[in-house]
Structures are given as structure tokens and as C-alpha cells.
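**Q** Okay, here's what each chain looks like letter by letter:
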Amino acid sequence: MKIVFAWIVVFAVLIGGLGGVVSGAALSDATKACLECHSIIHPGIVEDWQKSRHSQMSPSDALGVKGPGLKVSSRDIPDGLKGKAVGCAECHTMRPKEHADAFDHNDHKVYTAVSPGDCRVCHSEEAEQYSMNLMSHAYRNLAENKLYGLLEHSILGAVGRDKAEMENAPASRVTKAETCYHCHGTVLKVTGKEKRAYDDYGDMEFPRIEGWPNQGTGRVNLDGTIGSCAACHTRHRFSIETARKPYTCKQCHVGPDVPAFKVYEASKHGNIFSSHGRDWEFRKVPWTVGKDFSAPTCAACHVSLLVSSGGELIAKRSHRMNDRLPWRIFGLIYAHPHPKNPDTTIIRNKDGAPLPSDFAGGFAADYLIDVKEMDSRRKGIQTICRACHGSSTVAGQWERFESSIKETNAKTLTATQILSGIWAAGYAKGPSEGGSPFDEEPERIWADSWVIYANTIRFASAMGFGGDYGVFADGRYELNKTIVRLHQRGRP
Amino acid sequence: MKIVFAWIVVFAVLIGGLGGVVSGAALSDATKACLECHSIIHPGIVEDWQKSRHSQMSPSDALGVKGPGLKVSSRDIPDGLKGKAVGCAECHTMRPKEHADAFDHNDHKVYTAVSPGDCRVCHSEEAEQYSMNLMSHAYRNLAENKLYGLLEHSILGAVGRDKAEMENAPASRVTKAETCYHCHGTVLKVTGKEKRAYDDYGDMEFPRIEGWPNQGTGRVNLDGTIGSCAACHTRHRFSIETARKPYTCKQCHVGPDVPAFKVYEASKHGNIFSSHGRDWEFRKVPWTVGKDFSAPTCAACHVSLLVSSGGELIAKRSHRMNDRLPWRIFGLIYAHPHPKNPDTTIIRNKDGAPLPSDFAGGFAADYLIDVKEMDSRRKGIQTICRACHGSSTVAGQWERFESSIKETNAKTLTATQILSGIWAAGYAKGPSEGGSPFDEEPERIWADSWVIYANTIRFASAMGFGGDYGVFADGRYELNKTIVRLHQRGRP
Amino acid sequence: MKIVFAWIVVFAVLIGGLGGVVSGAALSDATKACLECHSIIHPGIVEDWQKSRHSQMSPSDALGVKGPGLKVSSRDIPDGLKGKAVGCAECHTMRPKEHADAFDHNDHKVYTAVSPGDCRVCHSEEAEQYSMNLMSHAYRNLAENKLYGLLEHSILGAVGRDKAEMENAPASRVTKAETCYHCHGTVLKVTGKEKRAYDDYGDMEFPRIEGWPNQGTGRVNLDGTIGSCAACHTRHRFSIETARKPYTCKQCHVGPDVPAFKVYEASKHGNIFSSHGRDWEFRKVPWTVGKDFSAPTCAACHVSLLVSSGGELIAKRSHRMNDRLPWRIFGLIYAHPHPKNPDTTIIRNKDGAPLPSDFAGGFAADYLIDVKEMDSRRKGIQTICRACHGSSTVAGQWERFESSIKETNAKTLTATQILSGIWAAGYAKGPSEGGSPFDEEPERIWADSWVIYANTIRFASAMGFGGDYGVFADGRYELNKTIVRLHQRGRP
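Top line first, the protein sequences correspond to chains B, R and Z. For the first sequence, counting from 1, position 131 maps to 420 in this note's numbering; every step adds exactly one. For the second sequence, counting from 1, position 308 maps to 597 in this note's numbering; every step adds exactly one. For the third sequence, counting from 1, position 368 maps to 657 in this note's numbering; every step adds exactly one.
Source of the hints: derived by calculation from the structure; they are not laboratory data. Mixed in with the good hints there might be a few duds.
No copy labels: a pair is met if it fits in one copy or bridges any two.
Claimed, not checked - Dumping the calculated DSSO-like pairs for lysine-lysine here, alpha-carbon to alpha-carbon at most 27 angstroms:
#, residue 1, residue 2
1, K371, K573
2, K573, K340
3, K484, K629
4, K557, K573
5, K435, K482
6, K355, K373
Every value quoted in this text rests on a predicted model; they were computed, and no experiment measured them.
Work out the full structure: start from the sequences and follow the hints.
**A** Take a look at the structure:
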């Protein structure tokens with residue numbers, strides 16, 4: 290079968306198919322000038338780009354694709370860009386006035402950190418969707434929430450001792466950049482210039498950029514935009530294959546706080562991907578269910594443009610990744626309906642705290658999507674399920690998912706009540722006495738219960754169809770044990 | 290080399306080889322009728338089936354295979370089935386009288402949940418073997434053992450508080466279905482009928498099936514059979530390649546309670562599979578050691594029909610997966626000889642409890658295989674080892690494995706003695722005072738020592754040839770630490 | 290693209306390219322004699338060898354390769370070996386006088402355990418480098434360090450109870466062989482002879498070898514050499530592809546004490562490898578950055594001979610794996626500059642203990658590389674980074690790495706000070722009172738802080754470019770929590 294398939298592919302290539310892959314778009318003179326040195330200095334990155342579609346097609350070629358295979362969504366691409374391949378100069382020198390990091394470099398104004406503001410010149414629709422994605426706001430949503438700041442401080446802070454008591458100093462900027470903000474995104478800031486010596490080229494001057502390197506999803510860029518397309522569309526090949534494989538999502542979604550990848554890998558879907566994925570077609574647009582792939586990857590359910598083998602639309606492409614997600618199941622004390630606005634710093638619960646739920650689990654409903662919107666999003670994701678599964682499977686799976694949300698929220702409430710008792714008894718210093726809710730031992734046991742275990746259980750329900758991540762692998766076995774441990778701390 | 294190999298494959302295909310893969314068996318009219326709608330409603334699943342051997346061969350074609358490549362073991366396949374490809378109707382409408390979930394659906398009596406009772410029409414020998422497999426009894430063996438029930442309750446129960454004391458309510462049916470019974474199998478039960486609306490087809494009536502979806506290995510089916518072939522032979526492609534790759538086993542055997550996959554992946558065998566498996570032949574029957582594959586996967590040692598390149602038999606195919614396993618190394622307090630009967634609910638230890646060992650580690654010998662049978666099973670598995678390894682390697686490995694069993698059983702005994710002391714001292718309420726042995730904090734520490742750490746150590750010895758899972762990764766580092774923690778809880 | 294690439298490969302093969310892969314070197318008569326029986330007794334291993342380069346080329350063929358593709362570094366290969374393929378007899382019968390395990394076997398003096406002393410006959414340069422590698426000294430460095438012995442004992446010892454107190458018996462030789470020394474290497478020792486029965490061949494006599502099987506990196510061999518090439522160059526195919534893929538390193542570097550593989554897999558580099566590695570060329574020597582592979586594996590940065598597509602040298606091949614590593618970041622209490630000598634048993638800190646740092650974190654500087662050497666090694670590794678990354682990325686990454694070293698060393702110091710207080714208060718018995726620093730509960734919490742968490746954080750910085758292993762996945766979340774737990778144990 291594979292051989293036959295290979296021959297079909299050969300034939301398709303010969304007659305010019307494969308969605309318009311052609312090689313030979315001319316390079317701009319500026320890009321040629323870049324390559325002259327950089328193919329020697331950074332050969333790896335240049336080779337990688339040469340394997341990209343960008344190096345082989347011009348925007349004009351791309352705009353010539355008819356139908357849903359069209360990937361370039363902008364209609365106002367400047368004429369000067371249209372006819373040449375998308376090379377070094379096209380991305381790194383196009384908008385120097387907007388970029389605070391633009392610097393003089395061999396007669397060009399070059400900037401290091403390409404942003405969604407640059408990508409949107411050709412991919413405006415995707416950039417627009419992504420700007421509405423929670424992920425593009427990941428920096429501010431974390432950094433400008435005081436309560437999250439206390440949690441961050443308890444995790445990253447420089448633990449020390451002042452006499453017999455613990456005393457935490459704030460984490461350094463550098464520590465922050467390689468921890469929470471590695472995924473959430475750093476703030477890029479030009480702090481000066483510096484000369485660096487190159488063997489064959491002598492001294493050259495470059496801007497010093499605080500927060501660099503970083504490809505976090507909510508990076509604050511030097512042209513004022515937020516986000517980084519390269520978080521998923523890995524430089525410099527920008528292959529849709531990379532973005533569609535689950536390893537990309539894994540970069541940020543593998544830890545025990547958000548074990549999406551681990552759960553996926555242990556699910557039936559993940560089994561099929563691991564066993565057969567090597568034979569799938571990851572580059573076709575649109576992506577045909579059953580034909581191009583036999584089980585969903587992350588992208589299939591949350592991002593990609595899907596059709597049936599008959600050509601019927603199953604799901605629209607979206608870069609606002611909660612378009613088909615009613616519930617937000619991780620990162621916060623209780624699972625809750627998704628926020629309406631990707632800027633979550635505006636949320637206030639009934640106690641005035643910047644959280645989507647209050648301490649007793651009640652939702653800050655004004656800031657969250659309503660039942661109607663939740664229902665519509667549920668239908669969106671279930672349409673994808675139903676491309677392979679019967680309606681009773683889909684309904685049964687959803688019942689379990691919502692049951693797990695209810696169950697874990699109830700258990701988190703129990704843990705929270707125990708912690709309140711611990712505060713009241715004076716075994717730890719809670720917020721009402723000016724303490725952080727995250728820094729003492731019982732508080733850290735409490736945090737485990739929801740940061741890790743309740744989250745894991747919900748992921749297992751949501752996308753793993755159960756399995757060990759709902760039980761022994763950071764699941765209910767650990768959650769119930771942790772609550773018993775916390776209970777023990779609260780006894781006289 | 291790879292290229293040369295590719296050409297050999299091309300040639301083999303051209304002359305009609307590859308173990309009888311032919312395409313073009315006719316579809317039955319009933320299956321054609323199914324496909325008319327379902328290829329539109331569930332295109333993914335239909336495409337997947339179209340890649341299967343079932344869609345391309347009739348039972349008659351399959352019966353024509355001579356020698357050990359024969360995969361269809363039944364000799365009494367009804368004539369009506371023999372001549373057509375194995376399609377929707379062949380599996381979902383063949384035995385409506387036996388299936389409590391059969392319902393009227395466009396002039397057909399259709400049922401959703403296909404069972405081993407259906408698969409055995411063509412694959413009787415495998416179904417028979419599987420019925421003797423512990424895994425097919427996984428539902429009852431868990432659900433009908435009172436002591437396991439207490440453990441299950443401590444893990445899944447709805448932890449709450451009654452005044453200052455913990456008070457657990459039983460887990461819901463839905464929670465059970467997506468946790469323990471996701472792998473062990475649910476009980477399928479028709480609880481009524483319901484109408485569902487389809488855009489293009491109007492309202493249709495379906496049975497409501499409690500416990501669905503589920504592909505657990507011990508599922509209790511609506512035709513009275515137990516088990517699910519689809520647990521490993523993933524629907525609807527039913528590719529032997531899937532079943533032979535370790536990702537299938539991983540679905541249930543990855544968590545810290547049964548870390549077979551993790552240990553395998555970190556072993557030399559797993560390394561070779563990960564590095565070179567993409568070049569192996571996973572579909573050939575019989576499976577030739579060294580030629581088709583260079584290192585065993587789970588299936589190679591525990592299930593598949595293996596031969597040497599000279600055609601000599603190395604191992605028979607078996608779907609009773611402990612055929613070559615003398616020791617049962619996980620899931621219970623102490624490792625012990627395998628039970629004689631796959632129904633383990635009948636076991637009673639010397640104290641009358643339904644466990645294969647007593648609290649002090651003594652075996653309930655009447656219910657377990659004897660030394661002679663253990664020796665025969667050991668020889669069975671070692672024959673496979675010796676297809677690649679010399680006798681001194683095999684003997685050395687086995688010495689370590691049995692040493693680990695002895696060592697971990699001894700450490701578990703120490704932990705159990707400490708717990709007995711804790712009960713005696715009144716720090717927790719043990720079974721002799723009517724308490725559960727699993728619900729309080731010291732009891733949960735004790736459970737960690739064997740559910741997780743002793744198990745992991747034994748898996749590392751059994752199939753990993755040691756490595757980090759025997760030490761830091763849930764191994765001895767954690768086991769000894771846990772026993773010291775427990776000891777600390779038992780001090781005045 | 291892939292198809293085009295495939296055709297290029299076909300063409301390259303046809304014109305005799307691919308670095309000299311030819312098939313057809315003649316086998317020696319001795320090897321033919323081995324194969325006569327062993328292809329029947331151990332067909333798997335023989336098939337595996339038949340896929341090797343060793344089975345297809347003679348040393349003379351290999352010596353004919355011109356330029357950097359040359360893999361055989363010895364210039365004094367005995368004439369008798371030069372003309373034949375490297376088969377069973379060439380490795381297992383060449384140096385019988387040196388091997389204490391040589392025995393009479395069908396008119397040949399055969400030995401089981403092939404050593405670096407055997408491999409160096411053709412690969413002298415690599416053997417020499419490896420003898421300077423810390424890994425080749427892994428047995429003695431662990432076994433002959435008294436302080437490590439106490440840690441080993443706390444992990445492996447047979448935990449028991451004498452009345453109410455814990456009492457640990459030493460671990461057995463067998464337990465040691467399958468735990469720490471599985472990776473560090475065992476001592477091989479002939480302890481006698483034994484007869485074994487073979488069905489078709491009758492009784493045969495073999496030496497009994499204590500410590501066998503083992504392929505640990507620091508194995509002490511029966512010809513007096515140390516190390517095992519087969520640890521990474523897996524028998525009997527000895528494929529450079531295996532050694533260059535990260536799964537080989539994973540065998541020993543996956544656990545929480547040294548999570549290199551897990552961090553790599555979750556990094557951008559690991560993502561690219563997982564997504565695209567199947568299309569890379571893993572066998573070419575030298576290895577061309579960007580062309581043969583698009584992201585580094587472990588071997589790319591630490592071992593392999595790398596060139597640019599223009600043919601310029603990027604990194605020399607080295608089997609002394611810290612050649613490009615200034616810092617030693619795992620396995621010890623504090624991160625420190627690499628030892629000068631691969632034999633670390635000679636190190637003494639200012640307190641006379643065999644550790645590269647003292648209890649307060651001060652370095653035993655006389656035994657460690659100096660700032661100049663550290664700088665030179667840093668430049669070595671950064672040259673590889675710069676094959677793909679700009680200088681500001683490389684500088685930013687390095688700043689974070691060294692910041693993490695400083696941060697984790699400071700946190701470890703805090704934990705150590707708390708433990709000192711615990712000892713002083715009499716809550717546990719420290720070394721000054723003759724106690725082990727590793728066996729009691731607070732000591733084990735302290736050990737977690739550096740054996741697991743500080744290590745993991747440093748790996749995340751070193752090669753993962755951050756991510757979850759620096760935060761929730763055994764990172765700072767756990768480290769800070771652990772220090773708070775330890776602090777709690779030290780309160781009155």
C-alpha cells in the first residue's frame with residue numbers, strides 16, 4: 290500500500306500538484322546580500338530556510354492557489370514583496386520604522402525579532418485571530434495579575450533564611466525569562482548597543498535586547514505587537530508539518546501543570562499517531578480527515594482547516610484556539626467557562642480579586658462566556674469528533690468530561706475549606722492576615738491539589754478518554770492522597 | 290541499504306507477495322448500504338477501514354493462505370460471510386439475536402458494540418485464548434473483590450468533610466467508567482432508547498448504552514461475552530502493525546502503577562525500536578526475528594508468532610498473555626506466581642481474604658501455578674531471549690529479576706510491619722477495628738511503597754534490564770525513602 | 290521535496306556514494322565457522338550483524354576512505370585482520386591471552402565480553418579519547434568514593450527494622466549490578482566454569498562471569514580495560530545512526546536525577562527532531578549541519594564531527610564528552626567546574642572529603658578546570674550553537690544557564706544550612722556524630738532538593754532553553770516546596 294501511495298505521490302509531483310509546491314521563485318537582491326555572509330556564518334539556519342516553502346514561492350505564486358488551499362490571507366501585500374521569494378530581507382528589513390531594534394548593518398536597516406506585525410503583511414487573517422487568542426496575551430495575563438504574582442514568587446523566588454524564618458527574595462529578570470516567561474513570553478527591550486568581534490568581518494555593532502532570545506506565545510515585541518508566530522511555526526523552515534505535529538504543543542504543554550501531550554500520547558488517538566503517523570500527509574491544505582491522517586493531533590481539533598474526503602467542510606481554520614472550547618480546565622483554582630476577552634487582567638470575582646472564580650468556586654460570570662456560547666463551542670468540537678465517532682460515543686465522552694469538571698471542582702472546594710480551617714487555626718498565615726496564600730507548607734500542599742492533580746484529571750477526561758492520567762499518573766490517586774495529607778496538617 | 294530494501298519490496302509487491310495482500314474483494318450489499326450514508330457522516334472511520342485488510346480481503350481469500358501465515362483460525366465460517374470483504378454489516382449486523390443493543394436502523398438490525406463473540410466467527414482460536422487471559426476478566430476481577438473495592442474507593446471516592454473528619458462518598462458510575470474501568474472494561478447495559486436529530490436524515494432512534502464508549506480489555510458485552518478485541522486491535526483498521534507496536538500496550542501500561550512502556554522505552558530494546566523501528570516490517574506473519582525486527586516490542590515476547598530466518602518456530606502465537614510469565618509482578622501487595630484461573634475472584638489466602646498472598650507475604654498456593662508450571666513458563670520466555678542472547682546473558686538477567694522480586698517483597702513486608710505497628714499504636718484505624726487499610730495518611734504512604742515503587746523496580750528488572758527505573762525514577766530511591774517516611778509516622 | 294530527495298539518494302547510491310557503503314567483503318574462515326551454528330542458535334543477533342557496516346566492509350576497505358569520512362583511526366591494524374569483514378571471530382577471538390574469560394570452544398579460544406581493548410585495534414583514537422572520558426571511569430568514581438557509598442547504601446540497602454529502629458543491610462551484589470552499576474558498569478570476574486545443555490549440540494562448558502551481562506559505560510573488563518563501547522554503539526549492528534539518536538543517551542540519562550532526554554524532548558530542538566528526524570541522514574560522516582540534520586541531537590553537540598555545507602569544520606569528533614562542557618551540572622550537591630582528571634576518586638575538598646565542593650559550596654579548585662579552560666570549553670560549545678544561532682541568542686542563553694547555576698547552588702546552600710540546623714538540634718544524626726548524611730527523613734528531603742530538583746533546573750537551562758522542566762516538572766516549583774518542607778522539619 291505504502292509503495293502504491295508513494296507512486297501516486299510521484300505522479301502528483303510530476304504533474305505539478307501538491308498544492309502548488311514549485312521551486313524557483315527568484316530571491317531579492319537584499320536577500321542575496323544577506324545570504325552571502327550568513328550562509329557561511331550560520332549555515333544551519335540557511336539550510337533550514339532553503340527547505341521552506343518561503344524560499345521556493347513568492348507571495349504571487351501563493352496567491353495563485355485557488356480554493357481552500359490558499360494560505361496567504363492578505364489582499365494588500367505590497368507590490369515590492371509580491372514577486373520574490375520570502376527570504377531574510379523580506380522578514381527582517383521590511384518594517385524598520387516600526388521596530389525599535391532596527392540597526393544599521395551593511396547598508397541595511399535590519400531587526401532581529403520578527404513579530405506577528407511582520408507576518409501579518411501576508412497572513413493577516415491568522416494574525417487577527419491570534420490576537421484574540423488567550424495565548425497572545427500570555428505575558429500580561431500573568432505578569433499583571435497580583436495574585437498570580439504571589440504564586441510566581443513562591444515558585445521562582447530566591448528562598449533564603451532570615452534567622453529561623455524563611456525569607457524569599459524576588460526572582461531575577463533572567464530567572465523569570467527562562468521559566469514562566471519562556472512560554473508566556475518576555476518583554477523585549479533595547480537597552481543599548483554593543484560591539485561583537487567576528488573573525489572574518491571585524492567588529493560589528495548590535496543592539497542589546499533584554500528578554501532575548503524568546504519565542505513565547507505572548508512575547509511583547511519591539512514593534513508594539515504581542516505574540517510570536519515562531520512559537521509554533523518554528524523558524525526558519527516554518528513548516529506546517531511541524532505545527533501540526535503534537536511535539537510543537539508539547540514544548541509548553543507537557544509539565545504536570547498542563548499535561549496535554551502526555552495524556553494525548555497515552556490515548557488511543559496518540560497510539561494511532563505514534564504507530565502510523567509516519568505515513569500521514571501533514572502538509573496538505575485543507576487537511577482531509579481519514580485520508581491525510583487517521584487520528585487527530587492537537588492541531589486537528591484546535592486549529593486546522595478540516596474537510597472530508599468528499600470535500601465538505603468539517604472545521605474552519607482558527608488561530609483563536611479556544612474557538613471550540615467551552616471550558617478552561619487548567620492553570621486556575623477551579624475549572625470555569627472561558628473568559629470572553631483574551632485580556633484576563635480585567636476580570637474581577639465577587640470579592641474583587643482578579644480571578645475567574647471566587648474562593649468557593651463561584652464563577653465571575655460577567656467576564657466569562659455564557660451558556661449559549663458554551664453550547665456553540667461544544668457543538669464545534671463535537672463536529673470534529675463526529676467525523677469519526679457515532680453520536681452516542683460523543684455524548685458519552687462529553688458526559689464524562691463534564692462530570693470530571695464537577696468532581697474536581699468539588700474536591701478543590703474541599704481542599705480549600707481545609708486550608709481555610711488551617712488559616713483560621715493559625716497553622717499558616719492566610720491572605721486575611723496579610724500572608725501569601727502560596728508560600729507555606731500547607732498552602733503548597735493545597736496548590737498541588739489543583740495546579741497539578743485536578744488539572745491532570747481534567748485533561749485525561751477532555752482528550753485522553755481516561756486512562757492512567759485520571760488515576761495513578763498524577764490523577765485521583767494523588768489528588769485524594771493530597772487532600773488527606775492537607776487534612777492531617779489541619780488537625781490539632 | 291534502505292533503497293535496496295525498498296526495491297525488493299516493490300518487486301515483492303509486483304509479484305503478488307506480502308502475505309496475500311490483495312485488493313478488490315467485493316462488498317456485500319448490506320455493507321454498501323451502510324457506506325452510502327456513513328461515508329458522509331463519519332468519513333474518517335470509513336477511510337480508516339478502507340486501509341484495513343478487512344476491506345480488501347474476504348474470509349475465503351484469507352483462508353487460502355497456506356502455512357503459518359494463516360490468520361483466520363475458524364473452520365466453520367458461515368458460507369454467507371465467506372465471499373465478501375469484512376465490512377460494516379459483517380461485524381455490526383451478523384448476530385442481532387445475541388446482542389441486546391441491536392436496533393432497527395434503515396431496514397437492518399444493527400448493534401453498536403462489537404464483541405469477541407463477533408470476532409470469533411473468523412478468529413476462534415484467538416478468542417478462545419483471550420478468554421483464558423487475565424485481561425478478559427479485568428472487570429470482575431476488580432469490581433467483585435471487596436478489598437480492591439476499598440482501594441478503589443480511597444482513590445476515586447468523593448473526598449469531603451463531615452465536621453472535622455474526612456468523609457468519602459462513593460464515586461459515581463461515570464467517574465468509574467473513565468478511570469479504573471477505562472482499562473478494566475465497563476459493563477455495557479441498554480437503559481432505554483433515545484431520538485437524535487441528524488441534519489440530513491431527520492430524527493433517528495438509538496439505544497442508550499450505559500458504559501459506552503469503552504474498549505477496556507475486560508468489558509462486559511451486550512451479547513454476554515467479556516473482553517474487547519479493539520483494545521489492542523484498534524478500530525476500524527485492525528492493523529496488526531498497531532497491535533505489535535508498544536504504543537498500544539502503553540494506553541494502559543504507562544502509569545506509575547504499571548510502568549511497562551516507560552521502562553521499555555528507556556531499555557536497550559526500546560532504544561533500538563525507537564532508533565530503527567521505522568525501517569522494520571510490522572505486518573508479516575509469522576514474524577521473523579532479526580529480519581523483520583531487530584529488537585522485541587511487547588508483542589514479540591508476549592503474543593506474536595515468531596520464527597527464525599531459517600523458518601524454525603521460536604514462539605507460538607498466544608492471546609493468553611501470561612503463557613510465558615511465571616511471576617505476576619504488579620497490582621498487588623506482593624509479587625507472586627500467576628493465578629491458575631483468569632477469574633481471580635475465587636482466590637482466598639490463609640486468612641480468607643480474596644488475595645493471592647497474605648499480609649505477611651505468604652502465597653495462597655492452591656490458587657497459583659506451581660513450581661513446575663513456573664519453570665515451563667520461564668523456559669518459554671527465555672527461548673525468545675535466546676534468539677538473540679547467549680545463555681549466560683539470559684541466566685544472569687533472570688537471576689537479577691528473581692532477586693528483585695525477593696528484595697521488593699522483603700521491603701514490602703517491612704513496610705507492612707511498620708503499618709501494623711501504626712495500627713496497633715492507634716495512629717490509624719486498621720481492618721481489625723473496622724477501618725479501611727487504604728484511606729488514612731500512613732496507609733496511603735504504605736500503598737505508595739508497593740502500588741508504585743516495588744512495581745516499578747520489578748518492571749525495571751523484568752524487561753528493562755535495569756536502568757533508572759530501578760533507582761531514581763520511582764525506583765529504590767523512592768521506595769527506601771517512603772519506608773523511612775512511614776517509619777517516622779509510627780514513632781511516638 | 291522528499292521524493293526529489295529520494296531520487297537524489299538513489300542516484301548517489303548508484304554512483305557509489307554514501308561514504309563508501311559497499312557490500313561484499315569476504316568473511317574469514319573462523320567467522321564462517323561461528324556462523325554455522327550461531328545463525329541457528331541466535332538468529333536475531335546474526336541478522337542484526339548482517340545489517341552492520343562491519344559485516345560488509347573489511348578494515349582495508351574502510352582505510353580506503355579519503356578525507357574526514359575516514360572512520361578507522363588506527364594505522365597499525367594487523368595484516369591478518371585487514372582483508373576480511375569484521376565478524377564474530379575478529380572481535381571475540383583476536384586477543385585471547387589478554388582476556389581472562391577466553392575459553393575453549395570448538396577449537397577456538399573465544400571470549401564473551403568484548404572490550405574497548407578490542408575495539409581500539411581499529412579505532413584507537415576514539416578508544417584513547419574515551420579513556421579520558423568521565424564515563425569510562427564511572428565504576429570506580431562511584432564504588433570507591435566513601436561518601437557516595439553512603440548515598441548508595443541509603444538508596445539500595447535492604448531496609449529492615451531492629452525493634453523500633455530502622456536497620457539497613459547492604460544491598461546484594463546482584464541488586465547493585467542492576468541498579469547504579471547497570472549504567473556505571475559492573476566489575477566482570479570469572480568465578481568458575483559451568484556446563485550447559487544444548488538440544489542439538491550436547492553439553493558445553495562456559496566460564497561463569499560475575500557482573501555479566503552489563504554494558505555500563507565504566508565496566509571493568511576481563512582484559513583489564515575499562516568502559517564499554519557497546520553502551521552507545523549497540524551490538525551487533527554498531528550503527529552510527531543508533532549512537533547519534535538521542536534514544537541511546539536516554540538509556541542512562543532519563544531519570545529525574547539526570548533528565549537530559551526529557552528536557553531535550555520538550556525543547557525546540559527536540560520538537561524539530563521528533564517532527565522531522567525521520568527525514569534526516571544519520572549515517573554520513575562528517576555530519577553536515579542543516580543539510581543532514583536540522584536540529585542537534587545529543588551527539589551533535591557532544592561527540593560528532595560536524596561540518597558546514599561548505600565543508601568547513603564546526604566541531605571535531607570527540608569521545609571525551611566534556612570537551613565542550615565547562616560546568617558539571619548533575620550528580621553532586623553543587624554544580625562545579627569539570628574535574629581535570631576523569632578519575633574523581635583523587636579529589637579532596639577543603640575538609641578532606643572526596644567531593645568537588647565543600648558543604649558550603651566552595652570548589653575544590655585544585656582538582657577542577659580553571660577559568661581559562663572553562664572559557665575555552667564554553668567557546669567550543671558556542672561555536673556549535675552559532676552554526677544556527679546569532680551571537681545575541683547564544684549570549685542570552687548562556688547568561689541564563691550560568692544564572693541558573695548560581696541560583697540553584699544558592700538554594701542548595703540554603704537547604705544545606707537548614708539541614709545543619711536540624712543536625713545541631715538533634716532531629717537527625719549528622720556526620721559529626723557518626724551518622725550518614727543520607728538515611729534519615731530530613732536528610733532524604735534535603736537530597737531531593739539537589740539530586741533531583743536543582744539538577745533538573747540546570748538541565749532545563751543548559752539544553753532545553755527553559756520550559757516546564759525549569760518550573761513545574763521537577764523544577765523550581767518542587768525545589769522551593771522541598772526547601773519549605775525541610776524548613777518545617779527543623780522547627781521546634
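**Q** With identical chains, the pair K484 and K629 could be close in the same copy or across copies; at 27 angstroms between alpha carbons, which is it: within, between, both, or neither?
**A** neither (47 angstroms within a copy, 34 angstroms between copies)
**Q** Please sort K355 with K373 into within, between, both or neither, judging by C-alpha distance up to 27 angstroms.
**A** within (20 angstroms within a copy, 41 angstroms between copies)
**Q** Have a look at K371 and K573 and pick one of within, between, both or neither, based on CA distance no larger than 27 angstroms.
**A** within (23 angstroms within a copy, 39 angstroms between copies)
**Q** If the cutoff is 27 angstroms on CA atoms, where do K435 and K482 land: within, between, both or neither? Let me know, please.
**A** Answer is neither: 33 angstroms inside a copy and 52 angstroms across each miss the 27 angstroms cutoff.
**Q** State whether the alpha carbon distance between K573 and K340 is at most 27 angstroms within one copy, between copies, both, or neither.
**A** both (16 angstroms within a copy, 19 angstroms between copies)
**Q** Checking an output row: K557 and K573, CA cutoff 27 angstroms. Within, between, both or neither?
**A** both (24 angstroms within a copy, 23 angstroms between copies)
The structure fails hints 3 and 5 (numbered hints given earlier, in ascending order).
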